[in-house]
Amino acid sequence: MKFGVVVFPGSNCDHDAYHVVSKHIGQPVDFIWHKETDLSGYDAILIPGGFSYGDYLRAGALASFSPVMNAVKEFAAAGGFVFGICNGFQILCETGLLPGALMRNENLHFVCKHVNIRTETSNTPFTRQLDHGLVLSLPIAHAEGNYVCDQATLELLETGDRIVFRYCDEDGRLTDESNPNGAFSNIAGICNEGRNVLGMMPHPERACEDLLGSTDGRAIFLSLARSIEAVEVAA
Amino acid sequence: MKAKVYVTLKPSVLDPQGKAIQHSLELLGYDQIDDVRQGKYFEISIKPSTVEGDARTAVEQFAKEVLTNPVIEDYRVEIL
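Listed in order, the protein sequences are those of chains U and L.
Per the working numbering, the very first residue in the first sequence carries number 26; after that it's consecutive.
Per the working numbering, the very first residue in the second sequence carries number 7; after that it's consecutive.
Don't read these hints as lab results, they were simulated from the structure.
Fair warning: there could be bad hints in the mix.
Claimed, not checked - Calculated lysine to aspartate or glutamate pairs in the DMTMM-like style (CA-CA distance at most 20 angstroms, straight line): (1) K70(L) / D196(U); (2) K98(U) / E71(L); (3) K8(L) / E66(L).
Predicted, not measured: the structure shown is a model, and the values here were computed from it.
Using the sequences and the hints given, assemble the complete structure.
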C-alpha cells in the first residue's frame, strides 16, 4: 500500500498528512510535486490543506490547472482513492471531481477552531470504520468553506448518500449555530458518485494525537487504509 | 487590442463581501444604496498580430474555463 501527498506551491498541511500516514497508519508515503504527471504505483492520493498559489483568482482554482491534477483525474476515474482536505476540497471542486463550490464564509471571518461534525454515511472507503451518526471533533481553519451548490445537485447528493459529514452541535444536532461558515445544508464533506473521492473542510490530519486535543481524525485514515487492503485482497 | 473580462456572482448566489461593503457604506451615510455585489475585473493585452475574431474566441474560452467558476459566477467579455 502506498500513499501520495500532493504538494503545490503554498500547500502547508502536506507534512501533517505525511506524518499521520507514516506514524499513525504506518504506511509508506511520498510527497508528489505538482508538476508530476505519473501516479502509477499509488493507492491513495491526498490533496492537503494550505493556500495553493496564494488562493489567487479563487481558492484552489490555479492548483486545479497544475499538471498533477490531470493525473489525479485519471487516477480517480480508474477508481483510485482521492482525499482532499480543506484547500484540497476546494481544489477538487475546482477540478470538477466534486460538485459545487466553496465560497467566502458567510461571517467573512477566517475561522480557526474545533468544530463537531456528524458522520452522515459509513458507506464510503473513508468512513467505513465510523458509525453512522458518530460525532467527531475536528479543527477547521479556513475563510472559504461556505459550501454552495444548486438545488438539483443537493438533491443528487442527498439521494445518492453522498453527504459524508455535516456540521453539528456536540449532541449531533444540525443547528445554525454549529455551522461555522454558512455552508449549504451544514455540509462539511461530500464524496463523488463513485464514492472514491472525498473532500472535507475540517482537518482530520490535525486530530490524530492526544497532544493536539483530539484523535477523532484517525478513524478516517484507518478506514482508508482498510479500504486499500480490501482492494489488495480482492486483487 | 485589449480584452476586458468582468466576472460577477450569479444572481442566485449570496455575496457576504458585498453585504459587508454595503453595511460600511450605510454607516458612512450613503443611504441611497439598495445592494452591493462584488466582482472581478481582468484587463488582458492581446498581441498586435492577433486577428480580433481569434482573440475573442480565445478570451471567451479562457474566461469560461479559467477566470470563472461556472457554479457560482457569470462572465462578460469586451474586446477593445
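Subject >> Structure-inconsistent hints, enumerated in ascending order >> reply: 1
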